[in-house]
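Chains as they are written, first to last, in the numbering used here: chain A, 1 to 375; chain B, 1 to 375.
The hints are simulated quantities; they were obtained by calculation from the structure and are not laboratory data. Keep in mind that the hints are not guaranteed to be accurate.
One copy or two, it doesn't matter: identical chains are merged, so the pair holds either way.
In silico DSSO-like pairs for lysine-lysine, Cα to Cα no more than 27 Å straight-line [what the hints assert, rightly or not]:
| no. | residue 1 | residue 2 |
| --- | --- | --- |
| 1 | Lys252 | Lys159 |
| 2 | Lys252 | Lys375 |
| 3 | Lys350 | Lys159 |
| 4 | Lys30 | Lys106 |
| 5 | Lys92 | Lys350 |
| 6 | Lys159 | Lys375 |
| 7 | Lys38 | Lys323 |
| 8 | Lys107 | Lys343 |
| 9 | Lys17 | Lys92 |
There are 2 protein chains.
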Amino acid sequence: MKIGLLGHGVVGSGVRKIIDDNHIPGVEIKRILVHTEKEIIDKSLMTTNVDVILQDPEIDIVVECMGGIEPARSYALRAMQSGKNFVTSNKKMLASSFSELLKCAKKNHVTIGYEASCGGGIPWMANLERIRRIEEIQAFRGILNGTTNYILSRMYQEKQAFDAMLKDAQKLGYAERDPSDDIDGLDVRYKVALSCAKAFGRMIDVEQIPTFGIRNIQKGDLEYGREIGCVIKLVGKANLDGMAVVMPVFVKQEDIFASIPLNYNAIECASASLGLATFIGQGAGSLPTAHAVVQDVLDVVNGVATLQDCHLATVNNTSVEGKYYVRTTQREAFEGYIEQEAKCGFLTKKMCIEKLCDLVRKSKDEAIFVAEVMK
Amino acid sequence: MKIGLLGHGVVGSGVRKIIDDNHIPGVEIKRILVHTEKEIIDKSLMTTNVDVILQDPEIDIVVECMGGIEPARSYALRAMQSGKNFVTSNKKMLASSFSELLKCAKKNHVTIGYEASCGGGIPWMANLERIRRIEEIQAFRGILNGTTNYILSRMYQEKQAFDAMLKDAQKLGYAERDPSDDIDGLDVRYKVALSCAKAFGRMIDVEQIPTFGIRNIQKGDLEYGREIGCVIKLVGKANLDGMAVVMPVFVKQEDIFASIPLNYNAIECASASLGLATFIGQGAGSLPTAHAVVQDVLDVVNGVATLQDCHLATVNNTSVEGKYYVRTTQREAFEGYIEQEAKCGFLTKKMCIEKLCDLVRKSKDEAIFVAEVMK
Numbered sequence: 001m002k003i004g005l006l007g008h009g010v011v012g013s014g015v016r017k018i019i020d021d022n023h024i025p026g027v028e029i030k031r032i033l034v035h036t037e038k039e040i041i042d043k044s045l046m047t048t049n050v051d052v053i054l055q056d057p058e059i060d061i062v063v064e065c066m067g068g069i070e071p072a073r074s075y076a077l078r079a080m081q082s083g084k085n086f087v088t089s090n091k092k093m094l095a096s097s098f099s100e101l102l103k104c105a106k107k108n109h110v111t112i113g114y115e116a117s118c119g120g121g122i123p124w125m126a127n128l129e130r131i132r133r134i135e136e137i138q139a140f141r142g143i144l145n146g147t148t149n150y151i152l153s154r155m156y157q158e159k160q161a162f163d164a165m166l167k168d169a170q171k172l173g174y175a176e177r178d179p180s181d182d183i184d185g186l187d188v189r190y191k192v193a194l195s196c197a198k199a200f201g202r203m204i205d206v207e208q209i210p211t212f213g214i215r216n217i218q219k220g221d222l223e224y225g226r227e228i229g230c231v232i233k234l235v236g237k238a239n240l241d242g243m244a245v246v247m248p249v250f251v252k253q254e255d256i257f258a259s260i261p262l263n264y265n266a267i268e269c270a271s272a273s274l275g276l277a278t279f280i281g282q283g284a285g286s287l288p289t290a291h292a293v294v295q296d297v298l299d300v301v302n303g304v305a306t307l308q309d310c311h312l313a314t315v316n317n318t319s320v321e322g323k324y325y326v327r328t329t330q331r332e333a334f335e336g337y338i339e340q341e342a343k344c345g346f347l348t349k350k351m352c353i354e355k356l357c358d359l360v361r362k363s364k365d366e367a368i369f370v371a372e373v374m375k
Numbered sequence: 001m002k003i004g005l006l007g008h009g010v011v012g013s014g015v016r017k018i019i020d021d022n023h024i025p026g027v028e029i030k031r032i033l034v035h036t037e038k039e040i041i042d043k044s045l046m047t048t049n050v051d052v053i054l055q056d057p058e059i060d061i062v063v064e065c066m067g068g069i070e071p072a073r074s075y076a077l078r079a080m081q082s083g084k085n086f087v088t089s090n091k092k093m094l095a096s097s098f099s100e101l102l103k104c105a106k107k108n109h110v111t112i113g114y115e116a117s118c119g120g121g122i123p124w125m126a127n128l129e130r131i132r133r134i135e136e137i138q139a140f141r142g143i144l145n146g147t148t149n150y151i152l153s154r155m156y157q158e159k160q161a162f163d164a165m166l167k168d169a170q171k172l173g174y175a176e177r178d179p180s181d182d183i184d185g186l187d188v189r190y191k192v193a194l195s196c197a198k199a200f201g202r203m204i205d206v207e208q209i210p211t212f213g214i215r216n217i218q219k220g221d222l223e224y225g226r227e228i229g230c231v232i233k234l235v236g237k238a239n240l241d242g243m244a245v246v247m248p249v250f251v252k253q254e255d256i257f258a259s260i261p262l263n264y265n266a267i268e269c270a271s272a273s274l275g276l277a278t279f280i281g282q283g284a285g286s287l288p289t290a291h292a293v294v295q296d297v298l299d300v301v302n303g304v305a306t307l308q309d310c311h312l313a314t315v316n317n318t319s320v321e322g323k324y325y326v327r328t329t330q331r332e333a334f335e336g337y338i339e340q341e342a343k344c345g346f347l348t349k350k351m352c353i354e355k356l357c358d359l360v361r362k363s364k365d366e367a368i369f370v371a372e373v374m375k
């Protein structure tokens, strides 16, 4: 089958390299969309005109590795309207427009592959689909952002400050110049939304997922963790009953999640007969992410790509209760809900995530730091 | 498709439960072979006569969960000769007769599914196959035996002796009354051989895989590990160049493998673009193992089961070098190869696995304990 590749950056060039290096039967990149004339090395392969790809009847699969919402979203719609299957690594675009894109795919009898949108090279979506052949997924949780895992790991191990470690991550190319999507948990939020689609068949509005990042984390928060035998990880999780949240979590040092190093990701799901299944791998980077893209392409080529049914659903964070560590200068907002002092912060009484969100809103503290404390 | 199920014990009854509970479209158990007339609860379903299953032209898939080599092997051959696909959880039988069974499958244009033979519910074989659609697997290593992982975990955490923990494992049903296959590493050896088939397309004679178990482990060995920041895990591993071994390993406490709890299993593989991918889950037990069996059945039902090509290959342990911890009363056998004292034992100089095996043989010490020390 012939592929039209949109974007030749970190992931796009990885896709090209994997397909070129491995001579995979039945897979050929026919055209690559690049930004500027300057990037065109091979005229028969590269173009700056997307129509050359979208209007080519020989191209069966459009692979989008451009990033950003527009024009990626419009190209996705046009590709599928032309009867082409669509594979993407672009979690932001896909999570923001999932319902529209899914409807378009169904109407045009094509599939959308998004293995690469969540957990980089980890075969997460494929294994969720596989488990669902037998039974429902009950819940999942994941360390889904390499940048924040890198920052948190180094802060803990070297007792360093957040700002210094963020700068290091930027130097190494792990964090963007504007790191907000990573450190505020928005990147994980997209991944949670897309995982809910695959795991539960539920399409949820990303805006509904309460999201607490690590922007305000301080050394003292990690030191409190050390005292109670925990490290802090940024975790995205959801369950079949509608719970969905992104939040730092104090994870016990014996927990597998505690040993996920630097820029690795880990995701685990629970189901009735299989129990807990955990998947660990490189959560970002050119080749691992491109590997996931090529897997999606091969599912289309082998005729095993499926497009699951999804229904619109509402996040419901009223049923799952936990205890939370909070550090804030606006303690009065939490009056009546404080259980005990905890170094620079305090631990709350047991409450649902919804209630926690209310109290955080009430505090109006933009420098607040919140983390779940696991039993 | 209609299934004939051979065996209604721990795994077999799990297979039945999963298929019954989930009403999976296109999957129906037509007949179950049980040992004795007493076990027949439902006469239309159960039989003690295997011919009723093997000669039923309506049965498309024979699922074997009997354990032991015979009569399982003969039934497998007869099933495939009758054009039936074959799915098994029986690592001992399959690893011992792999070449014969594969030949029979090819001749009769059927497949052999053996996801459940290695790592219980962990989707290990399926993911190896998936990665190999793109690139070679370079190496794998795994904690593949829940019984020994349970014993080693409790010995380390509670500073207990081997014999007491083995008895506990037997009480809990984790270990057999004759625990030799588990504690001598033979169970892991079968799994390494079958993983080599799936990962590298290499069929190796299990007898060729050097296998060191944990029968002779003592508290002092684990205490030495504690001193150097390591726990001991029984690890099976192999690579594309022909290395294959089963051996206790001192694993750094920060390593993901160190945090694999009790009866869980973990397996990881390395390949060019994906890098390291790790899979963790329940390595045994009725439902997790049965889940893997049903996945194989569904691959046949969905027409995506494949039978890979395998060639006979020889184990070659001369290229990979390591350092080893040895505790023996026959030190003279290691003269010239001892690098430093290590509590009750010593550390060897760097050597290949083949050389280590020579020295161990030379020592003639039946109470010797050997473990690799990771860098």
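Each hint tested on the structure:
In this assembly of identical chains, the alpha carbons of Lys252 and Lys159 lie at most 27 Å apart whether taken from the same copy (18 Å) or from different copies (21 Å). Taking the shortest Cα distances, Lys252 and Lys375 sit within 27 Å of each other both inside one copy (9 Å) and across copies (25 Å). For a Cα distance limit of 27 Å, the shortest separation of Lys350 from Lys159 qualifies neither inside one copy, at 30 Å, nor across copies, at 35 Å. Within a single copy, Lys30 and Lys106 get their C-alpha atoms as close as 25 Å, which meets the 27 Å cut-off; across copies the closest is 36 Å, which misses it.
Taking the shortest Cα distances, Lys92 and Lys350 never come within 27 Å of each other, neither inside one copy (33 Å) nor across copies (50 Å). With identical chains, the CA atoms of Lys159 and Lys375 are at most 27 Å apart both within one copy (25 Å) and between copies (25 Å). For the homomeric pair Lys38 and Lys323, neither the shortest alpha-carbon distance inside one copy (55 Å) nor that between copies (53 Å) is at most 27 Å. Within a single copy, Lys107 and Lys343 get their C-alpha atoms no closer than 56 Å, and across copies no closer than 70 Å, so neither meets the 27 Å cut-off.
Only within a single protomer do Lys17 and Lys92 lie at most 27 Å apart by alpha-carbon distance; the minimum there is 24 Å, versus 41 Å between protomers.
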